[in-house]
Amino acid sequence: MRFSRLLKKASLGGAFFMSAIWLSSAQALCPAPPSLPVIQVQRVVDGDTVRLSDGRSVRMIGLNTPETGKKGQSAQPFAEAAKRRLQALVDASDGQVRLRVGEEPTDHYGRTLANVYGRDGANLEAQLLAEGLGYLVAVSPNVALVRCQQAAETSARQAGRGLWRNSPVQPVEQISTGGFALVTGRVTRVQRNGGGLWIEFGDAMVLRIAP
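Quick note on the numbering used here: the sequence shown kicks off at 1 and runs consecutively.
These aren't lab readings, by the way, just hints derived from the structure by calculation.
Predicted model only: the values in this text are computed from it and were never measured.
Hints are not guaranteed to be accurate.
[As the list claims (entries may be wrong)] Just the calculated beta-carbon pair ranges, DEER-fashion: (1) Asp120 <-> Gly195: 36 to 46 angstroms; (2) Ser74 <-> Arg43: 19 to 29 angstroms; (3) Gln191 <-> Val38: 46 to 56 angstroms; (4) Arg51 <-> Arg189: 41 to 51 angstroms; (5) Asp120 <-> Val45: 17 to 27 angstroms; (6) Ala159 <-> Gln191: 33 to 43 angstroms.
Even for Gly, the Cβ is constructed at its ideal location relative to N, Cα and C.
Use the sequences and the hints to build the structure in full.
See the structure below:
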């Protein structure tokens with residue numbers, strides 16, 4: 001499923017917590033499959049993206065970390081912490097990682113979509129999620145590790161680690177920009193057509209879930 005925020009309107013009352021994923025508990029370690037190749041990392045771009053020595057940029061599957069400051073904008077809370085932690089994990093793996101490329105192998109920016117592991121087989125997305133340094137995102141068809149990654153995020157939420165120390169959930173009427181957000185509000189209408197599933201939050205917001 002692909003999620004896109006389409007419209008910001010006016011006001012809204014009530015409360016409804018919306019999560020994109022409803023899953024049972026599962027193992028949180030997300031171990032690597034056998035025989036994944038080892039690749040050298042050139043640099044860590046941010047908390048969920050690395051550049052490899054072969055020139056590829058890799059966007060980590062299942063993880064969305066706060067945005068670093070770009071184009072004059074300030075970095076979001078925990079953005080630099082997530083980047084530093086990912087750098088530390090890469091350094092601890094001798095600057096090398098293992099990749100499990102997604103069923104959908106690239107995004108619209110041309111980046112490789114992959115689950116990233118240390119040389120020891122530990123999943124780096126799950127590590128960052130467990131430490132509260134990013135949010136779980138699931139975009140079909142790249143959902144092979146979604147259950148164990150959700151378990152990692154749940155442990156951080158329950159313990160109040162990192163960005164879960166204070167609730168990041170916002171009322172929909174407070175959302176004024178695009179991008180990733182966790183929102184709360186009352187769903188007033190749901191429609192399905194050829195363009196996907198449309199979810200209305202009163203006059204405040206309309207979400208589209210693509211088919």
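Results for each hint:
no. : hint                                  : verdict
1   : Asp120 <-> Gly195: 36 to 46 angstroms : holds (44 angstroms)
2   : Ser74 <-> Arg43: 19 to 29 angstroms   : holds (22 angstroms)
3   : Gln191 <-> Val38: 46 to 56 angstroms  : holds (48 angstroms)
4   : Arg51 <-> Arg189: 41 to 51 angstroms  : holds (43 angstroms)
5   : Asp120 <-> Val45: 17 to 27 angstroms  : holds (23 angstroms)
6   : Ala159 <-> Gln191: 33 to 43 angstroms : holds (38 angstroms)
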